[in-house]
Structure formats: structure tokens, C-alpha cells
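Visitor: So you can see what is in the structure, the chains are spelled out below.
2 protein chains.
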Amino acid sequence: MFVISEDAEKMVDLKYLFNPASIAVVGVSHNPLKIGSIIYQRLTKNKSLGILKAEVYPVNPKVSSLNGIKVYPSISEIQDDVDLVVIAIPAEAVPDVIREAGEKKVKVAIIISGGFAEIGRIDLDGKLREAIKDTGIRVIGPNTIGVLDPYSGVDTFFLPRFKMLSDGRIAESLPDVTPGNVAIISQSGALSEIIMDCLKVSGIGIRAIVCVGNQVDLSIEDFLKYFSDDPLTKVIAIYLEGVKDGRRFLNALAEASAKKPVIILKAGKTEVAGRAAYTHTASMVGSIEVYRGAFKQAGVIEVEDMEEMIDVVKAFSMMNPSRGKKLFILTNAGGLAVISSDLALRYGLLVPSMPEEIKNNLEELKNRRLIEPMVVIQNPLDLTAQGTSEAFEEVYRIVASSGFFDLYLLMPSHQPPSIDDTVIDRLSRISREYDCCVVVCEHGESEWSRYIREKFDQLGIPSYPDVRRALTALSALTTYRKPRDKSYQPPRRTNKIKWLDSLENGLLDYDYAIKLLSHYGLEAPKTLKITDEGELHTVSGKLSFPVVMKIFSRRIAHKTDIGGVILGIKTHSELAEAYKVLKKKVLEMGLEWEGVIIQEMVKGVELLLGSSYDPVFGPTVTFGIGGVLTEALRDFSVRIAPIDFTEALEMINELKMKKILEGFRDLPPVNLEKLAEKISEFSKITWENPSIRQLEINPLIASGDRFMAVDVRGLISKSQLLS
Amino acid sequence: MFVISEDAEKMVDLKYLFNPASIAVVGVSHNPLKIGSIIYQRLTKNKSLGILKAEVYPVNPKVSSLNGIKVYPSISEIQDDVDLVVIAIPAEAVPDVIREAGEKKVKVAIIISGGFAEIGRIDLDGKLREAIKDTGIRVIGPNTIGVLDPYSGVDTFFLPRFKMLSDGRIAESLPDVTPGNVAIISQSGALSEIIMDCLKVSGIGIRAIVCVGNQVDLSIEDFLKYFSDDPLTKVIAIYLEGVKDGRRFLNALAEASAKKPVIILKAGKTEVAGRAAYTHTASMVGSIEVYRGAFKQAGVIEVEDMEEMIDVVKAFSMMNPSRGKKLFILTNAGGLAVISSDLALRYGLLVPSMPEEIKNNLEELKNRRLIEPMVVIQNPLDLTAQGTSEAFEEVYRIVASSGFFDLYLLMPSHQPPSIDDTVIDRLSRISREYDCCVVVCEHGESEWSRYIREKFDQLGIPSYPDVRRALTALSALTTYRKPRDKSYQPPRRTNKIKWLDSLENGLLDYDYAIKLLSHYGLEAPKTLKITDEGELHTVSGKLSFPVVMKIFSRRIAHKTDIGGVILGIKTHSELAEAYKVLKKKVLEMGLEWEGVIIQEMVKGVELLLGSSYDPVFGPTVTFGIGGVLTEALRDFSVRIAPIDFTEALEMINELKMKKILEGFRDLPPVNLEKLAEKISEFSKITWENPSIRQLEINPLIASGDRFMAVDVRGLISKSQLLS
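For the protein sequence lines, the chains are G and U, in the order given.
Using our numbering, read the first sequence as starting at 21 and increasing by one per residue.
Using our numbering, read the second sequence as starting at 21 and increasing by one per residue.
So here's chain G without its partners, still in its complex pose (with noise of 0.2 Å):
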């Protein structure tokens, strides 16, 4: 089930959690190496180093100083107003810590103490969740390593930042981070703590990390919506395991997307068990598709693990989003020039060839004796190892002063003795000349080559150790796009079918099913039902050959795979001879006979339409290859439903075979934006009439401007328990 939460509009003010003028830290001891004592510690420190602004008040009923200094007996002791409080005692404590801090008027709370839900303990999870309903506090976690913000120096992350090896030395465990413009919302502690490291290798720095933990309260929408409107943050980068409000998050992830680029990492990507699958689309959308889909709804980027999650973020840290594909690929190491042009065909950029203009301009160079004459002019173009930093240099400025290209990939190999260390500051220099969305490509792990890398980052420009990080880290500066909305608010249901209300739970009469396609424009072809041989001799006044019969069953879901569909009967005692055939199948299955669908043949390119109900998002849209390939190519693509006519051209887009829309055969080609309209209406219906839980056309015949719903099959289910 899902629901459009309201609290989604409730107001939070962050300020005081990222910029608290007083802190007070309960559960300090004496023990230095409780987790209490170990954030007092830091923020002291923070304080101390005057990073830090707020004051910070130790909170122990059993401790009364330590190292000379006050310890609070509770909260309430304290006599200066508190903004943020950070609770790190036993799980059964917190509640009444939590309603304390509420009549001290608190405003917001990090709990880093576990026990709760996450082991089980629904009770405490009840009773904190009604102290927080009644005081208003605003809370995060709990069960979590809280907030680290490298501006204001406000860090719960209690994990060691130093440990000791057996031999006695001391070796840093986690790196301090440096400020910066990367916001990171995790669901992990320790999957935030590597990004934020592996960043640091690379000098980027962090605007803040906030790990959610439990989400009692604040929940990782609260915090898209604060970094999206929060000037330091320049992208946002986002480890996932799943949400419980789909539609929250997908209207959450829209608006903040629309202002500037959210990188997902998503775990969790097996199946929800044992859910039952009527149709192909039930069967192939699986949790992970749909929230795939949600995140191309919504102009997310998608990343698969942690590597391309730095890499990626590396580069929307350093560069603005492309707006284009089209690469220049500048190296002085043919090989790397043949291996990057053809990953890079392969992660959807293009490469194309170097206009004339340019080429000649470029072939000047060999007069000046800037590049050898052997240099074949072309993209890519190698230099060749006899290629200097200023070949280089000028290579890169007359490319790039033609714009023609969106996306530079520089390679200076540091090898060959032509290569000296001005090459940094030359293709930095032009790279902010002309404002390029660039990266370089460093190959090796000598002094030369890590000092090339670390120059390059210095100077702003995303270096990477391999062509295949260099092109995802490109490909990726492509994907971002802004959703169209500023935020995704689907139409209300206003067109509910009345007629639906009287119909039972189970799967959908055909006849039903075609009044409600047709309901949303959308065509069946001419149809006879008959069931009773008798009626036969009046097909051939109603329909034209050839024809089609298939079972009419309520029982029989999929009807090719028994032989329940005969194709191209073109006389009548083909239809009598198809007819007994049928029927003595049906009667073998033991069956009742319900009749045969006699419909006129359609041609054209068989496609699915389906629309299944998802957990976590409600109903969704799928659009992809039919007929009887449906499940051995899984080509397709998935939505959040509705979606608009835009959305549905998107989906078309995403077929793997796209082709064979273009005029396949003898075909003529399908016409994309008819077919858009139709995908768009076909969305609304499971939105505008929950009842229907699972509807597909399969195959939906789409032949130029017509589009034939040859066969459907739904599910009615007014259950909300059956999905």
C-alpha cells in the first residue's frame, strides 16, 4: 500500500541540526571509548579547533564531571536553551530521554543508540515513536552513526579514526574530511564512511553526510529536500536500500533532481517473494525495475557500486552536467585510443568524425612542426609518443574553440620523454577557457602518473586512473537531465470507471477488458465470442478473413502455450475444423467450454502494454517487446504510472530494439508519438481505477498509425491484501 503522506509538506528546519548553537551529548562516561564519550570527545575538539561554534554539554545522571568539567544529570539541568541533542545510551532509555528534550524544546535529536526496530524491538520502536508525536521533536535514527558536517563541525561519527596495528603502530582507520560540495544521505554507516574516504584520495570534500538509520522521523526525503535548496551542495549522492512511500520518494527525488544531480547506489536488488504473476509484466517487473524506473522518472543517475559512485560523484563535484554526446578523445598512446573510441560507442557516447574546418585547422599544426607529419588527423587522435605538452596544448584550443564537441577526454601519457608536467597547467588552462566538460585519463602508478592525477583534480579537472572510469564518469555527466516538472504530482483520479465497482475479484472478462481499453482509446480488433457451433456460419458476415480463434477461458492465462490460439484461417470450414479442434482441448483440460474469440488478423510489430501494482510505488507501466518473445528477451521498460505523453516517449526510447519500430520488414514504421499518446492513456487506467491490480495487452499489434489490442488479460482485486 502506499499512501501520499502529508507530513511530506510538514516544515523542518535543519538549521538546527547542521548549524545547533548548543549540543548536548547524553551518555558521556568515563570511559573514553563508549561511543558517548567518544563523539563529546570530537566535538570538543571541533570546538576546540573553532570549527565548531556551539556549546557542548556532556549529559550522565551517574557522572558528575569529568576532567574537571561539569556533566549534566539530565537535559533539563542545563540551563541554556538546547537546539540539538545526541543520544547515545541504551535502547530502553531513549524514549523518556527523547520526551525530556521535548519539554526542553529541543529541536532536533540524533539517536545513536540501536535496539529498536531492527532487532525486532517493535515495542520501543512504538513507545519512541510516541514521544516524538508528542513533543514535536524532529529526530534521526535511531540506530545510526548520525551526521557529520565539515563546515559547522558537527560529527557523531563515533568509528575509529585511528586503530593500532600488532606491531604497535598507530595507522589512520578513517581520514578527516575536508569541506566541499558533495551531499551524501546514506542508509549505511559504513558504506557512507568509504565514499567519504575514497572522495578524500581525490580531494574532494564533503558538504555534509547524514546516515538515516531507522527513520523513525526525518528520512532520507527530508534530507533531498534540504541539500536540493542548500547552496553548498552541489550534487548529491545517495546510498539506498529501499523506502517504504514510493510515491514520497519519487516526488521527493523529482523536486530535488530538478535543481541539481542525485547519484543513487541501490542495494537490495532481489526479488520480492512470492508475489502471484497473472501476466509477463507481473512475472518480469520485479522491485529493483521499478525503482529503476522511478529513477529515470525522476533524473537520477544510477550507479552499481561504490567505485563508479566515487567516480561518478568525482565528476558532477568537478564538472556541470553535459549537454551532449558527443566526444573528443586527444592521447599520445594509440592503443588507448582504439580501446576509449570503442567503450565509449559502447557507454552511449558518440564519436563522431572530426569536421573539415577542424581537420584542416589541425593540419596547419604540421607546418608549424607542432605535430609530426605522420599524425593521422582524426578523432581519436593520437599524437603519437613524439607528441609534446604543447602539441597538446594547441590541439586541445583549436577543438575546443570550435564547440563542436561536448565532452573532451584528454590522455597525455606521462612515458614518452616529450611529456613534460607543463601539460597540467596547459589543458587546465583551456579547459576553463572554453568551459569544458572534460576528463583525463591517467593510466599507471609511478610518482609521475599519481602526480598527474592529483594536479589534474587540484586544478578542477576529474582525473582517473582508467579509460573504462574516465567514460563512465562522462557517459554519466550525459544521463543527468531535469525532470521536465519541477515536481512529480501524478492527476488525481477523476476517471474512475464506475461500472469496475460491480464487477468480483479475479481475472477480467474479455469483454470487460475491451470497454475499458476502449474507455481509454484504445482499439480491439473486430470480435466475435461464440460459444456454440451453430453460430459459426455468421462470422463471415461480421468479420473479414483471415481470422484468429482462441479459447475463451477464465481459466487459462497464457492460451499459446496449450495451442488455445489458431492463426490465418481464411474459409469457413477452416473455422468448423478450428472450432472442434479447441473445443476437444478444452474438454480434455476438463474444463468448462466458455466459447471461442474469433477476431479479424492484425499485422504488424507485436509489443506489451502492461501495468502491475508494486508494493512500495503502487501502480506502474511497463512498455517493451510482446508476443511470444516477451519473457526470452525481456526487453522493456518500466514507469511509476500515470505518466505523460514526454515519459512514454522516453520509455520507447529505452527498447534495446527500437529498431524494429523503424520500419521493420514489410512493415511500415510505427508511428513513436501515436504510440506515445496510447502508452500515456494506457498508464491512467490502474492509477485512475485501483481495483485493477495487473492489466496487460499482449500482444498490443502496432503497425503505422494503428494500434491493435489483440489480446488482454486483468486482475480485479478490491483487496488491498492481494497484490
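Derived from the structure by calculation, the hints contain no laboratory data.
Since this is a predicted model, take the numbers as computed values, not measurements.
Be careful, since some hints might not be right.
The list treats identical chains as one, so a pair stands whether inside a single copy or across any two.
Unchecked claim - In silico lysine-lysine, DSSO-like type, Cα no more than 27 Å apart, as pairs: (1) Lys590 to Lys603; (2) Lys605 to Lys516; (3) Lys475 to Lys125; (4) Lys590 to Lys623; (5) Lys535 to Lys623; (6) Lys379 to Lys346; (7) Lys386 to Lys54; (8) Lys279 to Lys379; (9) Lys67 to Lys90; (10) Lys264 to Lys245; (11) Lys346 to Lys676; (12) Lys590 to Lys605; (13) Lys90 to Lys124.
Keeping the supplied structure of chain G fixed, place chain U upon it in accordance with the hints.
Guide: Using the frame of chain G, we list chain U on its own:
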């Protein structure tokens, strides 16, 4: 054109290259930055360090001494025998030096000099080849950085080891390599240096690097043979741009791969343009598909970029290939457990459930309080942030000792306090004890992360900084398979069909095509060819309805595309109607009327069997999904023809849509062994009959034990020029 080169069999004694007793360097000069000087300095340095045992003689007719050391005016002036000569002088002078070296009985020459065929100097290339032929000397190069052997100290890599930065600091540009078990054969100097540089960071040593240059004499194949017999070599890595003689290469690959893993990065995937494609096969199967087929045939592991090359070579350098694909994942970070098991499945590995017995043994650890009660015993196994180093050890011991899994991915993230560095020794010890195929993944760039990775590497357990990379390596360890034959020896062409000689160049007539197929045991449906309307009445006596009618024309390759095929004809009157329609179509196209083909209709899965001629490898065989979706799906596999039954089975297993062979809709499952026999037979046709340059059955309709060549087209060309 391809030939099985006779010189592939010529004995090469490369001990004079890798372990010479004496080396002459031609091109040593007063300028220490000249390539000859750099190489001479490096060799004498290696000699002074005691690494190089050989005598080293500088040669230059214009210099009499250098820092007090005698410089020889020519090789012939050196009194002692010379095993190896390194030549770094202008290209024009090289052929004469080769002749001189030949007279001096020098065994091997490394020609560093460029300026031959690679810049269009075919004349000099010819002179050089003549000199080599006349003298019998073996040559590496020209146009190469030569050879680096850290065991013997033979090292001609002249690129700078150190370079100066603008601020005057000296930084290492190319680290020295240590002796190890990885042999590298490369068609690019720069890329070979990057590989050795990156391997060094992981502590991986090099057996030797050979950059083959223009390969006027010694070639990739010679070094493949050498390293495959070399006891110091455990794994062979090749950077490949292309070969001239595909069969010789395949043979060398298969022979080497039967002895040890061969890993190839192939660049140059762009298409050979301008080939006339009369079949889908010829239009789909480009150069890279053929190379990829050859790699599979030879059991080679293909990688796609430099980082993957390094990661996979590292795994094979430290681990033995795996027997199976069953992976166990152990970590203390829940997010990583989920991400890695999702990716593992995508990389073709299996993440099976934990067997009950192991589960019970692991539950015991809860009683011993080694693992937390809340830990869910499953695969992947997340010990949570409370998991200790000891818990990692005990769990790993229990799982490894069971022998149930083939592969292990260990991810003891260091961030939680409960992990100390004893985890390194503990896990390494068990890996050795149970001889596990294992990799470690440790994310992060802190001192601890680096230390953990470095230590595991030192202890022989390959470590990776990212799950995707760890899984790429594990997956590669499972893909190495020894080719079944020790060497790839195609059967002689014994079965040539005589009557083909009498046919003219051009499209193969249908009748002949059917006759050809039947010779190889491939059946076609009952067929009539009819050129006159008057003959139509004979059909019903000879064929059973329903039938198919197709235009017969030597001028139309893809009949379906122009509506030239009418399916499902069930009566005589439909037959007459179809005939009229098709004849009208042909005449309207302005073509000569050659009649129609009438065939009994066949039901089944539509496959494709094709053969096309590759300029490098000769005849190839393609198997895939056929019918109208052939080009849209592009689901096919390729091999160098001919192939045997087992190789054909491998091809079938490679199909992405293999599922449709296993009982699709109302069709019986296809007999895969029978199918493999048919593929193997088909693959012999173009091998045994070279005048058939393209041949394609599409569709081959398969159902149970029956395979019907429903349509076939072929191209005859006796000219070697028309490929």
C-alpha cells in the same frame, strides 16, 4: 587469405634472447640521451648490479671510446661471439647491420629503430626481410622498445625511468620491475609499461615483457610458444591489435592455453569496412566477433580495458583457476553483502544458499558467542559491525573445510573497532590450508585500507579496492578452460564436392544449395519449384497443406522484406491466388520471372546457421537466433570453422536466449545434442569447399529432433579477392 604458415614450425631458440652470453648495442653515442646510449647504460648498470651475466659491447663506427671504454666500429670487430645484438640506428642503415650480424653468427637481433613499413617505407621493409632471410638471424621488431627480462637483466626499455618536474624535483616515471610469473606480449610499448607499472603496486612480478613491434620475423605466436613452455611463467598477458594469419594465431593460442592461462586485451574493434554482405551472417559478424570466437575456442580469457587486464592478471598470478562458480561471500558490512551478491549473479557466478549442515555448524558459533545472536546465517553472510577477526576466521574455516563452495569473496571492512589486523593472517592461513580460490575486497583509501590490501597481496591473496573489480577477477578465474585438443588442428579438406566446381560465381541456386546441405546431412522441407501457373495442380499430390510460397529469384536476397513470402496456404484456390500476387510483385519490380518455391510449412524455433569468410581467419561458423528477428536480436556466437560436436555445444550454451530451445510455448524442447551435430556438420561445408564464401540457413526451424533448413542462401566465389 590465410595459410597455415610453414615457418610456424621452425625451431626458435629464444635462450639467446633471454639469456645471452654476450650483447652488442649498435648505436651507442656520446649523447647519453640517445636511445642506443640509454640502453647501453641500462645493460651495464644491470651488469654492475650482478643481474646481467652477459658481456656488453658498445658499437659505433664514429666513436672510438666512451668514458674510457672501447667502442667497436662494427659488430665484426668484436673478437668474442655475440649472441644478441640491439640495434638503435637510423632505419636506412639497419639492413646492412643485420647482414653483418648474420656473418658474425649472431643468434638474435632486437631492432629498436622505427622508420619501416609503419611509416610506409615498404622498400626498407623489403630490404630488411631479405637480409633476415639470407642470414637466418632471428629478429624482434623493428619499431619496438624491445624486451625486458628482470631475471637475466636483458632490458632495452629506453623510456625514461625518472623525469624532472617543472619545479626541479625528480620523480619516478617508470618503476623498476621485480622478477615474477607474468609474461607480457604486447603490440604497444606504452601499454606494456602501464601494465608492468600497475602490477608492481600489487607486488606482482614480471617474467618478461616482449614488445613485438612490426613482427618482420619473430611474432606473437613464437613468444606464446616460448612462455607456455617456460617454467617461470604462470600466466601470459597479451595486448593485441591484430594478426595477419588467424589460423596460425589460433593454433598458437590453443597450444599455449592448454598449458597455462592466456589473457588478451584486444584493441581495434572497429569494422573492416566494405565487405559485401549477402547474408545476415556476413552483415552481423565483424572482425571483433571472429576474434572473440577464436578466443573462446582457444580457452583464452578476454578483458576489455587496462584496469581489467591488471585485475585479472593479478588473480591468475596468485590463484589457480577455479573448478566451479559457487561463490561464498563473507563480510561485516551489510550493504556490501547485498551489492556483491547482486553483481556476482550478473557476472555469471552462483551465490547458492548455505547447505543445512554448514548452517548448523555456523549456528554453533553463536553458542560460543563468537558471532552475535542476531546474525542471519546465510550466503552472503554479514557478521555485522560486531563481527570480530576471530569470527571471520572461524566462519571461514567451517565454510572452507566443507568444500561446498568453489570461490570465496572476503570483505572484512576495517572501519568497526572489532576488526584488527590479525584478520589478515587468520584468513590467509585458512586460504592456504584449504587451497581456496579466494579474493579479498577492502574498500577505502585510508592507511588501514591500503595496509590490509598490501598485506593480503604479500601473503598471496589477491586484494581489490572494489567489489566489481573483485568479482571481475573471480569470474575470470572461472572462465579459464583448457582447450580440449592440445592443439587446434582442423581436419584436412577431404570431403570437397566436385560438382561445385562447375558453378559460376554469384548467388547459389536454391536447388544446388539444398543438394549441398543434404550432402552434409541437413534436411529441407518438401519443396516444389514451379515456374508456370499450369503446374500448380500438381502440388496437392506432392506436398501436404499448409504450404508456404516464396518468390524464386537470384536477384532478391531478403524475400520477406519485400513481401515475397506467403505463409499458411491451405487450399488450391489460395495457392492460385498467392501465385498471382507474387508474380505481379516480381514483374512490377522489373525483374525476370523465375517462378516460385512451394514448401510444406514447418513449425518450431527459428534459428540461424551461417558461415562467412574472414580475411584473417578464413571460414567461420555462426549459430544464433534466426527468423525475422535475426538482426534485431543479434543473439549469436561465432567460431573458426570447422568445429566439433563439443565446441558446437559450447556455442549453443552461449546463446542469451537459450531458454527458447528448452521447450518454448507449445513446442517440444529442441534436442541440443542433435542440434550440436548439425552445427558441427554445417561448419565443415565452407572449410571443405572454399568456393562457398557465404552460406546461411535462416531460418533453420528446430523442433524436438527435427531440423529443417527452410531457407538457404549462398555465395560462390572462386576469386580469392572477393571476400
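Visitor: Each hint should be assessed against the structure and marked as holding or not.
Guide: Status of the hints after comparison with the structure:
In the homo-oligomer, the alpha carbons of Lys590 and Lys603 lie at most 27 Å apart both inside one protomer (19 Å) and across protomers (21 Å), since each shortest distance falls under that limit. Neither within a single protomer nor between protomers do Lys605 and Lys516 lie at most 27 Å apart by alpha-carbon distance, with minima of 38 Å and 51 Å respectively. Taking CA atoms no more than 27 Å apart as the test, Lys475 paired with Lys125 passes in neither setting, with 49 Å inside one copy and 52 Å between copies. Proximity of Lys590 to Lys623 under the C-alpha cut-off of 27 Å is found in both arrangements, the shortest distances being 15 Å within a copy and 19 Å between copies.
In this homomeric assembly, Lys535 and Lys623 come within 27 Å of each other (Cα to Cα) only inside a single copy, at 22 Å, whereas the closest approach across copies is 35 Å. Proximity of Lys379 to Lys346 under the C-alpha cut-off of 27 Å is restricted to the intra-copy arrangement: shortest distance 16 Å within a copy versus 53 Å between copies. For a Cα distance limit of 27 Å, the shortest separation of Lys386 from Lys54 across copies, 24 Å, qualifies, whereas the shortest one inside one copy, 69 Å, does not. For a Cα distance limit of 27 Å, the shortest separation of Lys279 from Lys379 qualifies neither inside one copy, at 38 Å, nor across copies, at 49 Å.
In the homo-oligomer, the alpha carbons of Lys67 and Lys90 lie at most 27 Å apart inside one protomer (17 Å), although the nearest pairing across protomers, at 72 Å, exceeds that limit. Proximity of Lys264 to Lys245 under the C-alpha cut-off of 27 Å is restricted to the intra-copy arrangement: shortest distance 17 Å within a copy versus 60 Å between copies. Proximity of Lys346 to Lys676 under the C-alpha cut-off of 27 Å is restricted to the intra-copy arrangement: shortest distance 21 Å within a copy versus 31 Å between copies. In the homo-oligomer, the alpha carbons of Lys590 and Lys605 lie at most 27 Å apart both inside one protomer (21 Å) and across protomers (22 Å), since each shortest distance falls under that limit.
For the homomeric pair Lys90 and Lys124, the shortest alpha-carbon distance inside one copy (19 Å) is at most 27 Å, but the shortest distance between copies (93 Å) is not.
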